[in-house]
Amino acid sequence: MPFPFFGDDKSTVARLLATLPQTGRLEWIGQRPVRREPLVAVPEAVLKTDSHLLGDHARPKAGGKRQVTLIQHEHLAAVAGYLGLPEAVDPARLRRNLVVSGLNLLALKNRRIQIGDEVILDITGECHPCSRMEEELGPGGYNAMRGHGGLTAHIAQGGVIRVGDAVRVVE
Numbered sequence: 002m003p004f005p006f007f008g009d010d011k012s013t014v015a016r017l018l019a020t021l022p023q024t025g026r027l028e029w030i031g032q033r034p035v036r037r038e039p040l041v042a043v044p045e046a047v048l049k050t051d052s053h054l055l056g057d058h059a060r061p062k063a064g065g066k067r068q069v070t071l072i073q074h075e076h077l078a079a080v081a082g083y084l085g086l087p088e089a090v091d092p093a094r095l096r097r098n099l100v101v102s103g104l105n106l107l108a109l110k111n112r113r114i115q116i117g118d119e120v121i122l123d124i125t126g127e128c129h130p131c132s133r134m135e136e137e138l139g140p141g142g143y144n145a146m147r148g149h150g151g152l153t154a155h156i157a158q159g160g161v162i163r164v165g166d167a168v169r170v171v172e
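Numbers in my numbering are just positions in the sequence shown, counted from 1, shifted up by 1.
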């Protein structure tokens, strides 16, 4: 039996899941020029349709679900808190491409968002932490990131993005 509210536009939960009127903000962009090297923060970047973030070493396959990664800005402080750190974690350490504030990213799962004037991303799933978090953040890094790893996305329409761009739900 399917979950009761999927596809039922009249249910309370279906209406709640469809409600996300606020607009977020792109806070940070990171590129990984070389595998296993630190990310580089950049003020703007180009995302290539159905491909990758230019300047990033990753070359996901066409149609891939993990062409770019996003993490929620508000979670940087939460991860630091779990590790007993005095300040929010630098997003470069978490190895995600984009940091977004003002939107609950988990609520964007299976939705389409627009960043700036050009870029459209299909949010495809959760970006779970990897064992590298122990290397990067120290003992407990993996568990500190659980539930805070962000999301993966397919680049439906490429273009230029800039720090400060609006992030909004389009579907």
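In case anyone wonders, no lab produced these hints; they're calculated from the structure.
Every value quoted in this text rests on a predicted model; they were computed, and no experiment measured them.
The beta carbon of each residue, even a glycine, is placed where N, CA and C say it ideally should be.
A hint or two may mislead.
To be verified - Lysine-lysine pairs mimicking BS3-like chemistry, simulated, CA-CA at most 27 Å apart:
| # | residue 1 | residue 2 |
| --- | --- | --- |
| 1 | 110 | 66 |
| 2 | 49 | 110 |
| 3 | 62 | 110 |
| 4 | 49 | 66 |
| 5 | 62 | 49 |
Unchecked claim - Label pairs and their calculated CB-CB ranges:
| # | residue 1 | residue 2 | range |
| --- | --- | --- | --- |
| 6 | 59 | 110 | 39 to 49 Å |
| 7 | 12 | 139 | 38 to 48 Å |
| 8 | 139 | 102 | 21 to 31 Å |
| 9 | 39 | 19 | 37 to 47 Å |
Please list, smallest to largest, the hint numbers that this structure does not respect. 6
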